Structure formats: C-alpha cells, structure tokens
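Student: Sequence:
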Amino acid sequence: MGMLDSVATRVAAGATVRFRPTGNSMVPLIRSRDLVTVAPVDPGAVQVGDIVLARVAGTVYLHLVSAVDAAAGRVQISNNRGRVNGWTGQARVFGICTEVEGTARPRLDGKLRQAGT
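With the UniProt record's numbering, letter number 36 in the sequence shown gets 36, and the count goes up by one each step, no holes.
Note that these hints are calculated values from the structure, not bench results.
One or more hints might be untrue.
In silico DMTMM-like cross-links for lysine to aspartate or glutamate, where the CA-CA straight-line distance does not exceed 20 Å [said to hold, decoys possible]:
1) Lys111 to Glu99
2) Lys111 to Asp42
3) Lys111 to Asp69
As the structure is a prediction and not an experimental result, all values here were calculated from the model.
Whenever a hint applies, use it, and build me the whole structure from the sequences.
Tutor: Structure, rendered in structure tokens:
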C-alpha cells in the first residue's frame, strides 16, 4: 500500500489529512513536497478544476477533475499537464484538496462532507 492509498483510507473514514505528495504532474498548482490538506468531500458536488483524491483503475491520484458525467455518477481525473488518468465512479472520490502550502483552494462551499455522512 502506497502513501496515497493510506491517505485515501484515512480521508474515506472521515479524517482531514495533511501530507507532502511527491511528483511534478500538478505543477504549478501543487509542487513536489508542498504541504497539502485533503478533507472528505461530497463527490456529487465536485466540479471541473477541483483537485481531488480519487482512485482510478486501482491507483490513487491527487489530480484534477477534468470532466463530470453527473448522469452516470462519474468524474474524469487528469493531471495538470494534459494526461487523462481516466473515469472513476463518485464512490472512488475520497477527498478534495482544501489548501496548498497554507493557501486555501477556491470554490469549496458545499463540497466538504460532514462527519457521519
């Protein structure tokens, strides 16, 4: 189990998690080793441009929502360099990035999942 798998498990259980992901696929939104905060999300509320923690084809990513198919209950996940990871069901969207290096991400109203829901 990788680091993002562990984070996904904790976020899916309702925890807000701060960690430092590695890699350059999300530059300039997230740089390697930036401190990010991910909180549980209402997956039905995510929109294109949100950074989410999601499992796509067995791999957990902290990537962008690049498309939403609400009728089918799924979202498309991509990095910030144009690579599409694929479509995943809303049940596999665990959390949303709320902060990067202490700076709040925009458009979070109504997206955070409340404890016990």
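Student: It remains to establish, for every hint, whether it holds in the given structure.
Tutor: We went through each hint and held it up to the structure:
Annotation: proposed proximity of lysine 111 to glutamate 99 holds, straight-line Cα distance about 14 Å (limit 20 Å). Between lysine 111 and aspartate 42 the alpha-carbon distance is near 5 Å, which keeps this suggested pair within the 20 Å criterion. Restraint check for lysine 111 and aspartate 69: satisfied, since their Cα atoms lie roughly 17 Å apart, inside the 20 Å limit.
The structure shown violates none of the earlier numbered hints.
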